[in-house]
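Peer 1: Knowing the structure of chain D, use the given hints to seat chains V, C and B on it.
Take a look at the letters that make up each chain.
4 protein chains.
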Amino acid sequence: MLGPRVWSSVRQGLRRALSSTVGGWASGEGRKVDISGIYPPVTTPFTATAEVDYGKLEENLHKLGTFPFRGFVVQGSNGEFPFLTSSERLEVVTRVRQALPRDKLLLAGSGCESTQATVEMTVSMAQVGADAAMVVTPCYYHGRMNSAALIHHYTKVADLSPIPVVLYSVPANTGLDLPVDAVVTLSQHPNIVGIKDSGGDVTRIGLIVHKTRRQDFQVLAGSAGFLLASYAVGAVGGVCALANVLGAQVCQLERLCLTGQWEDAQKLQHRLIEPNTAVTRRFGIPGLKKTMDWFGYYGGPCRAPLRELSADQEEALRLDFTSNGWL
Amino acid sequence: MLGPRVWSSVRQGLRRALSSTVGGWASGEGRKVDISGIYPPVTTPFTATAEVDYGKLEENLHKLGTFPFRGFVVQGSNGEFPFLTSSERLEVVTRVRQALPRDKLLLAGSGCESTQATVEMTVSMAQVGADAAMVVTPCYYHGRMNSAALIHHYTKVADLSPIPVVLYSVPANTGLDLPVDAVVTLSQHPNIVGIKDSGGDVTRIGLIVHKTRRQDFQVLAGSAGFLLASYAVGAVGGVCALANVLGAQVCQLERLCLTGQWEDAQKLQHRLIEPNTAVTRRFGIPGLKKTMDWFGYYGGPCRAPLRELSADQEEALRLDFTSNGWL
Amino acid sequence: MLGPRVWSSVRQGLRRALSSTVGGWASGEGRKVDISGIYPPVTTPFTATAEVDYGKLEENLHKLGTFPFRGFVVQGSNGEFPFLTSSERLEVVTRVRQALPRDKLLLAGSGCESTQATVEMTVSMAQVGADAAMVVTPCYYHGRMNSAALIHHYTKVADLSPIPVVLYSVPANTGLDLPVDAVVTLSQHPNIVGIKDSGGDVTRIGLIVHKTRRQDFQVLAGSAGFLLASYAVGAVGGVCALANVLGAQVCQLERLCLTGQWEDAQKLQHRLIEPNTAVTRRFGIPGLKKTMDWFGYYGGPCRAPLRELSADQEEALRLDFTSNGWL
Amino acid sequence: MLGPRVWSSVRQGLRRALSSTVGGWASGEGRKVDISGIYPPVTTPFTATAEVDYGKLEENLHKLGTFPFRGFVVQGSNGEFPFLTSSERLEVVTRVRQALPRDKLLLAGSGCESTQATVEMTVSMAQVGADAAMVVTPCYYHGRMNSAALIHHYTKVADLSPIPVVLYSVPANTGLDLPVDAVVTLSQHPNIVGIKDSGGDVTRIGLIVHKTRRQDFQVLAGSAGFLLASYAVGAVGGVCALANVLGAQVCQLERLCLTGQWEDAQKLQHRLIEPNTAVTRRFGIPGLKKTMDWFGYYGGPCRAPLRELSADQEEALRLDFTSNGWL
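Chains as they are written, first to last, in the numbering used here: chain D, 1 to 327; chain V, 1 to 327; chain C, 1 to 327; chain B, 1 to 327.
No wet-lab data here; the hints were simulated from the structure. Bear in mind the structure is a predicted one, so any value in this text is a computation, not a measurement. Wrong hints could be hidden among the right ones.
Copies of the same chain are indistinguishable here, so a pair counts whether it falls within one copy or spans any two.
[Stated by the list, open to error] Simulated pairs of lysine-lysine, DSSO-like, Cα-Cα distance not exceeding 30 Å: (1) K267 x K63; (2) K56 x K156; (3) K267 x K32; (4) K32 x K211; (5) K56 x K104.
So here's chain D without its partners, still in its complex pose:
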């Protein structure tokens, strides 16, 4: 864990860098890192007294390690990152890195509201072993986050990040869709390798693939509900909350898409839509964690103000899995 002195020194250096002109990042030779594949965005387990339970985290990772995932997203929206301190965010990534085999990619969420804090967190994430940084759009002032502001923000972060950057657009949480023209501009940055798009607008996903086709830029679907459709229009993988509980099935859907077995893919995709909606939009992280408990993982409680599901909600959640033959 980083002590306050290290932080302070990191900050001093970064302030200088942030004041200089853009363009310090020297690279661009050769292809960008390949991030294609399926990633579960891991949840952060908490004890009954709301402390991070690192033991349970490792147990979950151990179980998830049996599936052919490309890697893991840590501190995505499902990781309750806004509820963690900076130290906890880094410690969770540290532990995941230790628990993962070296060939699994670790994508660490490092987005903060300010550009400076995002740079600091990104650098720190690299130091504790993240392979790439997944950077959510700043959102509190989303009314001012036009293309120019976002291009400036991500360019600074990518300039100063020691690891590749993945853009992250999740309008359901942020109220903000990273504009396509900003994505296209940013795709030309040598240290920006792709985007996780959770908006579910497949026309937009196709357009991004099309307009970045000369940039070695990779698109990940942000949810299992539109995974097949995203593959069909050129996405190369997905970050899927559902993969925390139906890991085999999501990987199977990937395989069917990649091998062109579209009919079987369609049938499987159909059976995943309701369970996926249940653990995302419909019941959120409390729904995902409850389902993890059912499937042999540790879900456990969320930090407040997120609440446990009511008995009625739990029943509806279960029905979304049983009616599709998963429970």
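Peer 2: This is chains V, C and B only, laid out in the frame that chain D set:
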């Protein structure tokens, strides 16, 4: 054209029917009519003084007749139906029926705000030769249009319609997404054969296909922007404004999807997204009509309050076609 | 009632007028008509078989005539105008005119989707006795209804209308807020006298009053929920659904505001908010009509697809009145 | 400034408290603290290298101290609190406390995403001299923030806060309107004294005043644009970004409202709407800070990703002040 006396008699009969209990429609034996395929939603040509130009309408149809469309949608949103009188709506359908070969399906938009008016218009559309009625959700009181209200509305219409009914959900115009549970309930009606879904949410489209899989219910994508993705999740065709100008290409995309040539389909789909957005969401019917002028059809003016494009808009519109190699 | 021949002749004349340049309307000398005061937007009573019940309409008007209203709005959103035929719309206005004393203003809703139809309906409304036309924004293509389109639309209507025009912005139904800059431009037209604003944004209402202060332009609040606040920022009256059931109280609130008794006004306003929300946003016209039945008027059924309230809804509606001491 | 050891000890104690049952807060006897009046939400000045400029902060406070404000809001949305570290947030409040006369209330924004972090920050804010804590709704998971979750969150915070709590609803930033029923429930808590409501819906403000009338609960308008209207329906003051530049005028508007001079109040309110919108919704904090530079305060740059205004925007901003006679 229907005279006022005929209308009056039609109305009297329908009032009686509307007051009786639901269920008069006797059918259900055998499969529903097959509506799979591509349909251009034809525009309504106007003269310089804003009269319907039936001659230009026929010329357009003659040119469009060279493509392997399944049929034509008349009086969809692109037909400016809210700007036409009831007589004009029927006369347009009459003329299209006369101009079309018998094997082309004619889907006529017959939605009105009230259930009663919708029934009347649907019956009249059948009388003038429509093969099926495409019924948009009522929208002025969309705050009250919950599932119960919409199920009641469509059931009444389907009960009394002499021709099959296609549901039509177009939230960009109506502010209302026909709820999935209402669609599932309505799919069981013997006289409701499918839905045109213009919302572009492919997760929703997949779910509708999945939950109506035992009902012989058909889903048409409402726009060319997500046509490939819709096929991938089980749609059987599309109603595509873009087919009014790039008819061959939209039919080609259909063929590539149906024959499993997904890579070529993806490349073609990509090049259609910007042109499609340009003639729909971005520049609306004025954009579509302007483009028709470029492609050898008669576009002409819209009725007020729709305005012509400015020179700047026209240039942006053109760029969306030239940058994708279509002009 | 207008026969088809009259309509046809009206249309011919108007087509010519619409093709000519703007500016035919000759007036502008002297002050615009004073529309200040309270108006109930009357409902349209229907029989059990959904015919317009003109007798009940007259009975309601007779009872409402005992309150010091400035006049009545006929064919506003609460009048279910989208469910009426053109003939019914005119006949309702005809009957209201006959039932009203000459000193009560009759504001008739004459908005249609097309400019041409709106002009025709406005002219006809004048012919059957409307004192002013209240013209709702066209809405089906609201994505294209920018300021330029709306200014053109309303200018044409005002140019050709024999009676003064009141703008009508009701975003809850239309998805469209008439932009302030368009309102300011239109306020300069000699035949446009004011706006009914139902959006409830009192900052906007204040700004409209401020920016039209040199134009003799009058603002009416579109709902009783923000009537006091609207008076406080310069509105001169209100069109209030609630006045159909609590007519004395709404007129009392007007009087308290006009005489500067703000403390009593505030207390009364407070007790009207929940009942007002109940008969508008919360339960819509079915809620308003049910309440009319309780208060000694004829409410009766709505036309489909509007549905009656459930027993639970009815109870909640009643509670909003009883808990504020009105039932 | 709090060192890490103090933080750690604070946290330990709070964890225990958070695990216990609700209800530790012992008070309720006597009236709640009076928060009526006008508050500028102070901006956080930054140097050219984006460090907090405490000297400029004090200079601004010194100048603002000449107006009859009730107090100051520190770390509201205009304070760029999401861009500050915890240490900076506390240090800013510390400095403001030192700079303020004892009779000026200091309302400190202490909202964080998690309940635990919010409690910790609230306690710390009390320790550095805040008179009350203004707690914004958590927002990243706004889809899950129903009344139950928010009631639980605020109850925990109020139970454990040594200083009174003011609720803070600002949907433009958070995508979330604190539901009226939650406000009513929370108004009964002895340590919750009021709400700052920035939504601008005066019907809602009136309803909150009405339904909490027996609770000694105070409502502050969150913007100068609807200040007069808010007073008219029962608010007792306002937190107004505009007061950072037009402090005398906002206080004058308060005085006119409190003394019942509604006509003059209306005229003044009218002239404040455009300037207010300019420094809030239209141009945000960059607009507010630019205006502060014009009016003799130190505005200076924002932290990234907020950007400076373009020359065009600056001109439009200036026009909103000059056209109303303020520049």
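Peer 1: Each hint should be assessed against the structure and marked as holding or not.
Peer 2: Hints and how they fare:
1. Proximity of K267 to K63 under the C-alpha cut-off of 30 Å is restricted to the intra-copy arrangement: shortest distance 26 Å within a copy versus 39 Å between copies.
2. Taking CA atoms no more than 30 Å apart as the test, K56 paired with K156 passes between copies only; the shortest distance there is 27 Å, against 36 Å inside one copy.
3. Taking CA atoms no more than 30 Å apart as the test, K267 paired with K32 passes between copies only; the shortest distance there is 22 Å, against 34 Å inside one copy.
4. Within a single copy, K32 and K211 get their C-alpha atoms as close as 17 Å, which meets the 30 Å cut-off; across copies the closest is 41 Å, which misses it.
5. For the homomeric pair K56 and K104, the shortest alpha-carbon distance inside one copy (19 Å) is at most 30 Å, but the shortest distance between copies (50 Å) is not.
The structure shown violates none of the earlier numbered hints.
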